[in-house]
Amino acid sequence: MNRRDFNKLMLMAGVVGTAGIPLGIRRAAGQTRGGTLDVIIQPEPPVLVAAINQQAPTLTVAGKIYQSLLKFDFDQTPKPGLAKSWEISEDGLTYTFHLYDNVTWHDGAPFTAADVVFTTTVLLAETHPRARGNFARCDSVTATDDHTVVFKLKEPFGPFLQCFEMSSCPIMPRHLYEGTDYRNNPHNATPIGTGPYKFKEWVRGSYIRLVRNDAYYKPGQPYLDEILYRVIPDAASRSVALENGTVDLTQWGDVEMFDVPRLKQLPHVEFTTKGYEFYAPLLWLEFNNRIKPMDDKRFRQAVMHAIDKDVLVRKVLFGLARPATGPVSKATKFYDPKVKTYDFNPAKATALLDQMGLKPDGDGKRVSLTYLVPPYGEVWMRFAEYIRQALSKVGIEIVIEAIDIAGWATRSGNWDFEITAPWLYQFGDPALGVSRTYVSSNIRKGVLFSNTAGYSNPEVDRLFAEAALAVDPAKRQELYSEVQRLLVEDVPVGWLVELDFPTMYDKRFHDLVVSAIGVNDDFDAAYYEG
Amino acid sequence: MLNSLRGIAARMIKIAVMILIIATFNFMLVHAAPGDPAAVIAGQSGASDEKLLAQVRAEYGLDQPLHVQLTDYLAKVASFDLGYSYRQRQPVSVLIGERLPATLLLTVTAFLLALGIGSLLGTLAGVRAGKWTDTVISIAALLFYAMPVFWLGLMLVLIFSVRLDWLPAFGFSTIGPTITGIDLVLDVATHMVLPVATLAAIYLAIYARLMRASIIEVEHQDYVKTARAKGLARGQVIRRHMLRNALLPVVTFAGVQAGALIGGSVVVETVFAWPGLGRLTFEAVMQRDYPVLLGVFLVMSVLVIAINLLTDLITRIIDPRLARAG
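Those sequence lines, one after another, are chains A and B.
The numbering of the first sequence is the UniProt record's numbering, which starts it at 1 and goes up by one.
The numbering of the second sequence is the UniProt record's numbering, which starts it at 1 and goes up by one.
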């Protein structure tokens, strides 16, 4: 029994006979009602409807309002969400979900299987690019009764359960959206979900206020009275806000990495990097494989040997990362540790470059490439500067070009770059978050986060396709191990680090981070102990 | 009378034409920046496909040729419609309406403080040029002028919010139980202290330096010498003869600076999480939210024109000769 189960038991005991339990024990069990959680939200989300907008801050707030059928443990194991149980047929084609029968929407209407059918087949197909791809794999989605939904797939799809995580499939109220213009539905301004917290008010530019949903389907939950998301645009001000107790929780990139070592020492602050396993952001140097000399794998291998990832982790990222070994993050299913590694060895790098015939000129310079720095904060410029320094030692000159978000998105999507350094989410399974970067079918000009490097290898395409369709996990592991071996040899992109995001919170709050989506989860078990 | 009416009408037409030219220019400028809003929206959601891009472009008419978009935009401007935000899914006029009061409160207060105290200190430094008062004021002004706004803001937060805990560091008012009346005014006022002080400090320094130079220049004019020769007291000479004339360049400059003040508020609004127009603009730039950006530019242009009219009026009050001349 873990602590949370124990707490639940204590709570039930409390419900039965609170009077008999001394106050001290009740307090030790925690989970008393009350408390306002002050959180930073940055940047301010455009809307709070996760089905319509999937930007990071939208999901963080919307995660408290909207829910999906499943939640995921830190190791990606599915847990009940709106579905209390589920079965998968032997052939991997039929998924049956049994929904909780006491769930209501925030406007009082009952939540039923029809909402799930509408959301997955009609609404998300219009508004959500990832869900559109996932649910296009379904042959049919039917509600066999009010609380049972059956998904029949056209062909097996290994990670299908992972498609029911909140940001991938937020369930929407059919009675408010059916037949409307989803993007301009008036309810977008006052979101109605099934989650533990209800939308109360939004003062643009200042804050978003959520309040407890007293009709939540889990008895006694949620515990917090309110969650207040404050918009604080300046990074230094955000650090001050955590320091002086104006806010109780910072997440994702709220605090610049160089402030983290100082802030996590504060006596009232708890620090964790758990809760990002589902996303498992992996950062790489993206080489435009169409441009010489980056079209030669020896060049890309040389770059891997020329960069000391430990220095990146320690000196640039303040320990908030781990060296990456390949295309699959260690937090993601089917990661294979037994792949070729590129040790930090400038001599090997220069040998490879010499072998290619890329000779240094009088100044020791072999080639000059432009590095487009993604505009996500101070740290990424320092990161680029380290790369420039490391590569200059083997004769590769890097010209750093700074750009804003819109410019970066456009140029990266349009293949108008030589080197850049994006980080992408893995979404728990290689078929969802890994293959998109490497398969030929995803070379699509103008589309960000597709195979923008332009790598193409028929064998890799085949392995990814087969692995996605395989049902047996052992078979999938075999295929993904093979694809990892191939990719690590080819180095289509230079994997550098698996990023950790710092979550820092006031010690009086508990159970904020309990799943693989951490701060984006619904906080229905979070409580305050003042 | 008829003459002045015709003058006003001519001026109004001039202003309307000017606004249309400004709107066209803004439109071209905004669209000249690389990057399109559809890509930004897609880029921040961590996933994207052709359908999403096409949907967004079609929804906002971004798939139309540029001249069609421009004509549509100008037609809308002419009918006082500022359009619809790509990102926030709200009418631009509503967004600006929500933010403008906060910005005006911040900038007007800071402006008046800066102008008032700046002129006062400048006068003081000017009439005591070379003495220790002048040295202290001049050095202080130079320091404030050279200081980066965000740094000054953060230092004030560190001292008055973090260390001393006297003043709130962020926001427009306390979030919590609804407060009204005098309590609300006091609450907003305490929230204003640090951002206003930060913004005012920079401009105060400018006006102080300008006023000092102006005073010193006026001091050597013949009519001042005459006034002195008449045996007027020094205080009287300063008040009655020097201030008016010395103030003219400061007021003219302040009118020009009013637009820049809104620009300066971007930084202050960011540091202090102040929900104003400056931040709205900054975010709109980052998001390539064209309608919001154009709306803000237009509103600011109108404000600047209004401020220029006002400056004209004020200079004429200060120096009636200008009114007679023009």
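The set of hints was computed from the structure by calculation and includes no laboratory data.
Honestly, I wouldn't trust all of these hints.
Stated by the list, open to error - Below, simulated DSS-like cross-link-like pairs (lysine-lysine); rule was C-alpha separation at most 27 angstroms, straight line:
| # | chain 1 | residue 1 | chain 2 | residue 2 |
| --- | --- | --- | --- | --- |
| 1 | A | K274 | A | K365 |
| 2 | A | K154 | B | K230 |
| 3 | A | K274 | A | K297 |
| 4 | B | K76 | A | K152 |
| 5 | A | K348 | A | K274 |
| 6 | B | K51 | A | K445 |
Said to hold, decoys possible - Far from chain B, some chain A residues (derived; all Cβ distances over 10 angstroms):
| # | residue |
| --- | --- |
| 7 | D234 |
| 8 | S237 |
| 9 | R444 |
| 10 | D506 |
In this text, all values refer to a predicted model and were calculated from it rather than measured experimentally.
Built from N, CA and C at the ideal position, the CB exists for glycine as well.
Hints, one by one, checked against the model:
Only pairs whose Cα atoms come within 27 angstroms are accepted, and A/K274 paired with A/K365 is rejected, the gap being roughly 43 angstroms. Taking the CA atoms of A/K154 and B/K230, the gap is about 104 angstroms. The hint is violated against a cut of 27 angstroms. The suggested pairing of A/K274 with A/K297 is violated, with an alpha-carbon distance near 35 angstroms, which exceeds 27 angstroms. Taking the CA atoms of B/K76 and A/K152, the gap is about 49 angstroms. The hint is violated against a cut of 27 angstroms.
Between A/K348 and A/K274 the CA atoms are separated by roughly 36 angstroms; this puts the pair beyond 27 angstroms, and the hint is violated. Proposed proximity of B/K51 and A/K445 is supported: the alpha carbons are some 13 angstroms apart, at most 27 angstroms. Distance check for A/D234 against chain B: the nearest CB is about 5 angstroms away, which does not clear 10 angstroms, and the non-interface claim fails. Once the 10 angstroms rule is applied to beta carbons, A/S237 is inconsistent with being away from chain B; the minimum gap is 6 angstroms.
Residue placement check: A/R444 does not keep its beta carbon more than 10 angstroms from all beta carbons of chain B (closest about 7 angstroms). The non-interface label for A/D506 is consistent with chain B: the shortest C-beta to C-beta separation is roughly 16 angstroms, beyond 10 angstroms.
The structure shown violates the earlier hints numbered 1, 2, 3, 4, 5, 7, 8 and 9.
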